[in-house]
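In order, the protein sequence lines correspond to chains A and B.
This note's numbering applies: residue 2 is where the first sequence begins, and numbers increase by one.
This note's numbering applies: residue 52 is where the second sequence begins, and numbers increase by one.
These aren't lab readings, by the way, just hints derived from the structure by calculation.
Heads up, the beta-carbon is just placed ideally off N, CA and C, and yes, glycines get one too.
Each hint should be verified, as a subset may be incorrect.
What the hints assert, rightly or not - Below, a list of computed lysine to aspartate or glutamate pairs in the DMTMM-like style, where the Cα atoms sit at most 20 Å apart:
id	chain 1	residue 1	chain 2	residue 2
1	B	K150	A	E73
2	B	K100	A	E73
3	B	K109	A	D57
4	B	K150	A	E60
5	B	K150	A	E31
6	B	K109	B	D136
7	B	K150	A	E99
Unchecked claim - Covered by chain A, per the in silico footprint, the following chain B stretches (three or more residues, Cβ under 8 Å):
id	segment
8	86-96
9	144-153
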Amino acid sequence: NAGVTQTPKFQVLKTGQSMTLQCAQDMNHEYMSWYRQDPGMGLRLIHYSVGAGITDQGEVPNGYNVSRSTTEDFPLRLLSAAPSQTSVYFCASSYLVEMPYGYTFGSGTRLTVV
Amino acid sequence: AQSVAQPEDQVNVAEGNPLTVKCTYSVSGNPYLFWYVQYPNRGLQFLLKYITGDNLVKGSYGFEAEFNKSQTSFHLKKPSALVSDSALYFCAVRDDTDKLIFGTGTRLQVFP
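Kindly generate the complete structure, drawing on both the sequences and the hints.
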């Protein structure tokens, strides 16, 4: 089925470890983004991209890197995990101009940093 | 600056009763407004949107939303709540850089 695929679904990291959260979409969406969801804080934008080779920072970019080498993929890298990065991470995508459904979201990655 | 507010952290309603989840917004220009629902351990799912036209917008699962320009509100409604409607609901507005700004979410609890 067409959509946004996130892997892994769950991950436990030790403080200081690095990892990459994967996000792929097959809808040819130009726009892709990463959010983190924390209780009482809604969704906060980490990084976003408006096309291959173009990325920009969102509201809470510190400690995260992204790249967009293809239209389909938008991985999120945690450079040195900290307990404050314990959260649920969502990838979302959309067309840039027409937004018939706003964003399409992946099912999330629940990350725990111990 | 553009923003969206959901003033209620939680809304409780009995099954069969009407429900309202509130949302107010602040944008420059004409608003593009959305409602999403999130079930446990799932991503957000699109419910409905307002871009232009009728102030009453109908969406998925029997939900509708009323756009009120004078009150800058976009409240989500359903005439008869179901226990299965219990979930987290997010309002969002498209800003002038074409990104969506999300509210903090309202947890809807429908009691049998």
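Each hint, compared with the structure:
1. B:K150 with A:E73: 19 Å, holds
2. B:K100 with A:E73: Distance ~25 Å between K100 of chain B and E73 of chain A Cα, so the pair is violated.
3. B:K109 with A:D57: 35 Å, violated
4. B:K150 with A:E60: 12 Å, holds
5. B:K150 with A:E31: 12 Å, holds
6. B:K109 with B:D136: Answer holds: K109 of chain B to D136 of chain B is near 16 Å, not above 20 Å.
7. B:K150 with A:E99: Holds, because 12 Å separates the two Cα atoms, which is no more than 20 Å.
8. 86-96: holds (count 6)
9. 144-153: holds (count 5)
Figure legend: structure checked against the earlier numbered hints; hints not met, in rising order: 2, 3.
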